[in-house]
Amino acid sequence: DVKVTQSSRYLVKRTGEKVFLECVQDMDHENMFWYRQDPGLGLRLIYFSYDVKMKEKGDIPEGYSVSREKKERFSLILESASTNQTSMYLCASTRLLADYEQYFGPGTRLTVT
Amino acid sequence: AQKITQTQPGMFVQEKEAVTLDCTYDTSDQSYGLFWYKQPSSGEMIFLIYQGSYDEQNATEGRYSLNFQKARKSANLVISASQLGDSAMYFCAMREVPTNQFYFGTGTSLTVIP
Chain W
1 DVKVTQSSRY
11 LVKRTGEKVF
21 LECVQDMDHE
31 NMFWYRQDPG
41 LGLRLIYFSY
51 DVKMKEKGDI
61 PEGYSVSREK
71 KERFSLILES
81 ASTNQTSMYL
91 CASTRLLADY
101 EQYFGPGTRL
111 TVT
Chain D
1001 AQKITQTQPG
1011 MFVQEKEAVT
1021 LDCTYDTSDQ
1031 SYGLFWYKQP
1041 SSGEMIFLIY
1051 QGSYDEQNAT
1061 EGRYSLNFQK
1071 ARKSANLVIS
1081 ASQLGDSAMY
1091 FCAMREVPTN
1101 QFYFGTGTSL
1111 TVIP
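Chains as they are written, first to last, in my numbering: chain W, 1 to 113; chain D, 1001 to 1114.
Any given hint could turn out to be false.
Quick list of in silico lysine to aspartate or glutamate cross-link-like pairs, EDC-like style, CA-CA up to 16 Å [unchecked claim]:
no., chain 1, residue 1, chain 2, residue 2
1, W, LYS3, D, GLU1044
2, W, LYS3, W, GLU72
3, W, LYS55, W, GLU30
4, D, LYS1003, W, ASP59
5, W, LYS13, W, GLU79
6, W, LYS3, W, GLU30
A partial selection of chain D residues facing chain W, derived with a Cβ cut-off under 10 Å [as the list claims (entries may be wrong)]:
no., residue
7, GLY1052
8, ASN1100
9, ILE1113
Think of the hints as simulated: they come from the structure by calculation, not from any bench. Where a beta carbon is used, it is the ideal one built from N, C-alpha and C, also for glycine.
Could you put together the complete structure from these sequences and hints?
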């Protein structure tokens, strides 16, 4: 069974703090993704990575950075958290095959106060 | 322009009835994949069904089928014999093969009424 795990289910941080969200997958998937999910807006892509040390900006990269030093791990970094980054963050991974679905982690609900 | 459009924010269906959730997509690529995911209140994203752009037959998985109309760029999800456990958010997604990106719609909240 493919497993995608995220470091925290719930996180509360203060404005200005540096925040790290970790994602690990155990199926040797090439591609990994970070989304944020807000009511009425669906899932919006922040960054994705198709290989170690490679990253591509998604639709809303401002205020975020990512790191992929190992194939199984993809980290999302909020350099200086702001209240408008309060959201649900979902990590996903998939193979480099067109018909292969994404596997999602359980999500991290981040609250910035 | 939106890549994936789901025009039904909320839907209600009677238990045991069939329901269709609408999805239209926008791409100029010839090769792409279409996916539907279910997200119950617990929050996990569950893959339901896949349709490839070159597949001529509509995909089916148990009670789920995907009504694929390529010329109209629509990929509607049909759930037959609705069950109370089908109450959830449903997301339509598209994978563009050249860019390897996934695009999601805003979702449809389905409520099954006993």
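A quick look at each hint next to the structure:
{"no.": "1", "hint": "LYS3(W) - GLU1044(D)", "in the structure": "holds (12 Å)"}
{"no.": "2", "hint": "LYS3(W) - GLU72(W)", "in the structure": "holds (11 Å)"}
{"no.": "3", "hint": "LYS55(W) - GLU30(W)", "in the structure": "holds (12 Å)"}
{"no.": "4", "hint": "LYS1003(D) - ASP59(W)", "in the structure": "holds (12 Å)"}
{"no.": "5", "hint": "LYS13(W) - GLU79(W)", "in the structure": "holds (12 Å)"}
{"no.": "6", "hint": "LYS3(W) - GLU30(W)", "in the structure": "holds (14 Å)"}
{"no.": "7", "hint": "GLY1052", "in the structure": "holds (6 Å)"}
{"no.": "8", "hint": "ASN1100", "in the structure": "holds (6 Å)"}
{"no.": "9", "hint": "ILE1113", "in the structure": "violated (22 Å)"}
Hint compliance for this structure: hint 9 is the single one not met.
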